[in-house]
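Chemist: So the chains spell out like this:
There are 2 protein chains.
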Amino acid sequence: MTENNKTNDTNIIYIGGKPFMNYITGVVMQFTTNNVKEVIIRSRGKFISKAVDVAEVTAKKFLKDQGVSVKDITIGSEEFENQEGKKVNVSVMDIILIKK
Amino acid sequence: MTENNKTNDTNIIYIGGKPFMNYITGVVMQFTTNNVKEVIIRSRGKFISKAVDVAEVTAKKFLKDQGVSVKDITIGSEEFENQEGKKVNVSVMDIILIKK
Chain A
1 MTENNKTNDT NIIYIGGKPF MNYITGVVMQ FTTNNVKEVI IRSRGKFISK AVDVAEVTAK
61 KFLKDQGVSV KDITIGSEEF ENQEGKKVNV SVMDIILIKK
Chain B
1001 MTENNKTNDT NIIYIGGKPF MNYITGVVMQ FTTNNVKEVI IRSRGKFISK AVDVAEVTAK
1061 KFLKDQGVSV KDITIGSEEF ENQEGKKVNV SVMDIILIKK
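These protein sequence lines map, in sequence, to chains A and B.
1 is the number of the first residue of the first sequence in the numbering used here; add one for each residue after it.
1001 is the number of the first residue of the second sequence in the numbering used here; add one for each residue after it.
It should be emphasised that the hints constitute simulated quantities derived from the structure, not laboratory data.
Only a predicted model underlies this, so the values are computations on that prediction, with no experimental measurement involved.
Each residue gets a CB set at the ideal place from its N, CA and C atoms; glycine is no exception.
Mixed in with the good hints there might be a few duds.
Ranges between beta-carbon positions, derived for each pair [claimed, not checked]: (1) A/GLN66 with B/LYS1018: 37 to 47 angstroms; (2) A/GLN83 with B/GLU1038: 38 to 48 angstroms; (3) B/GLY1076 with A/MET29: 20 to 30 angstroms; (4) A/SER77 with B/ASP1072: 15 to 25 angstroms.
Residues from chain A shown here face chain B by an in silico Cβ test under 10 angstroms; the list is partial [said to hold, decoys possible]: (5) ASN22; (6) ILE24; (7) VAL28; (8) GLY45; (9) LYS46; (10) GLU56; (11) ASP72; (12) THR74; (13) ASN89; (14) VAL90; (15) ILE98; (16) LYS99.
Covered stretches of chain A (chain B as the covering partner; in silico rule of three or more C-beta atoms under 8 angstroms from a C-beta of chain B) [stated by the list, open to error]: (17) 48-55; (18) 75-87; (19) 91-97.
Okay, chain A solo, but in the shape it has when bound (with noise of 0.2 angstroms):
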């Protein structure tokens, strides 16, 4: 999974480590530049915060007077194997934000 994947899916945004105006800029870009209608902000684990901050700034900020809002929030499990080579289990969230 990366952080960005600009080539199938252009409408999804991974909330990860890199700085929090990266992913404004980037959810910005896709209404704006790409002038996409739908984007969802993907994230997991401790990201989860992050990727509430990210959305409620861009909506409530930087795309308020573009009709930007929050469309529908769903949350999740994953299970994955960490270093220790046992199954743990992490919390995802996707954040779709529609422009209208």
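We have chain A; now place chain B onto it with these hints.
Modeler: Relative to the frame of chain A, chain B by itself:
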């Protein structure tokens, strides 16, 4: 804001710095012992990730057979004054669990 308001809003669980299992127990008890139909898992800032974990573990593991699932998720922002008296924003999230 207290972490566990048991007087007025018995069905709101505030996520904070206590051990993870405290919150799981809190949610489970609301649905079982107190027999409520709806529990709100409320969190802000860095505790949002933990809140998603609490919701996932309760709904998918502990209370799955009792028909508990996620009904709705909302996010927002709150303004507050930090220690230097500067106004800052913090993200907030409510996860609503429901028992069918």
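Chemist: Would you mind marking each hint as holding or not holding in the structure?
Modeler: Cross-check of the supplied hints:
Taking 37 to 47 angstroms as the suggested C-beta distance range, the pair A/GLN66 and B/LYS1018 conforms, at roughly 40 angstroms. For A/GLN83 and B/GLU1038, the Cβ-Cβ distance of about 39 angstroms falls inside the hinted range of 38 to 48 angstroms, so the restraint holds. Against the hinted window of 20 to 30 angstroms, the Cβ-Cβ separation of B/GLY1076 and A/MET29 comes to about 25 angstroms, which satisfies the hint. Between A/SER77 and B/ASP1072 the Cβ separation comes to about 18 angstroms, which falls inside the hinted range of 15 to 25 angstroms.
Contact between A/ASN22 and chain B, as hinted, is not supported at the beta carbon level, the nearest pair being about 18 angstroms apart and thus beyond 10 angstroms. Hint status for A/ILE24 relative to chain B: violated, with the closest Cβ pair at about 13 angstroms, above 10 angstroms. Evaluation of the A/VAL28 hint against chain B yields a violated restraint, the C-beta minimum of about 17 angstroms exceeding 10 angstroms. Hint status for A/GLY45: holds, given a least beta-carbon distance of 7 angstroms to chain B, under 10 angstroms.
Checking A/LYS46 against chain B by beta carbon gives a least distance of about 5 angstroms; that is within 10 angstroms, so the hint holds. The closest approach between the C-beta of A/GLU56 and any C-beta of chain B is roughly 5 angstroms, which is under the 10 angstroms cut-off, so the hint is satisfied. A distance limit of 10 angstroms between C-beta atoms decides the matter here; for A/ASP72 the minimum to chain B is near 9 angstroms, and the interface restraint holds. Annotation: A/THR74 was flagged as interfacial toward chain B, and the flag holds, the nearest CB pair being 8 angstroms apart, inside 10 angstroms.
This hint holds: A/ASN89 has a C-beta 8 angstroms from the nearest C-beta of chain B, less than the 10 angstroms allowed. With a least beta-carbon distance of about 9 angstroms to chain B, the hint placing A/VAL90 at the interface is held under the 10 angstroms criterion. For the restraint placing A/ILE98 at the interface with chain B, the shortest Cβ-Cβ distance is roughly 14 angstroms, beyond the 10 angstroms limit, so the hint is violated. A distance limit of 10 angstroms between C-beta atoms decides the matter here; for A/LYS99 the minimum to chain B is near 18 angstroms, and the interface restraint is violated.
With 5 residues bearing a CB less than 8 angstroms from a CB of chain B, the region 48-55 of chain A meets the requirement of three and the coverage assertion stands. Requiring three or more residues with a Cβ within less than 8 angstroms of a Cβ of chain B, the coverage given for the region 75-87 of chain A holds, as 3 such residues are present. Counting residues of the region 91-97 of chain A whose beta carbon lies closer than 8 angstroms to any beta carbon of chain B gives 3, which meets the minimum of three for the stated coverage.
Going through the hint list in order, the structure does not satisfy hints 5, 6, 7, 15 and 16.
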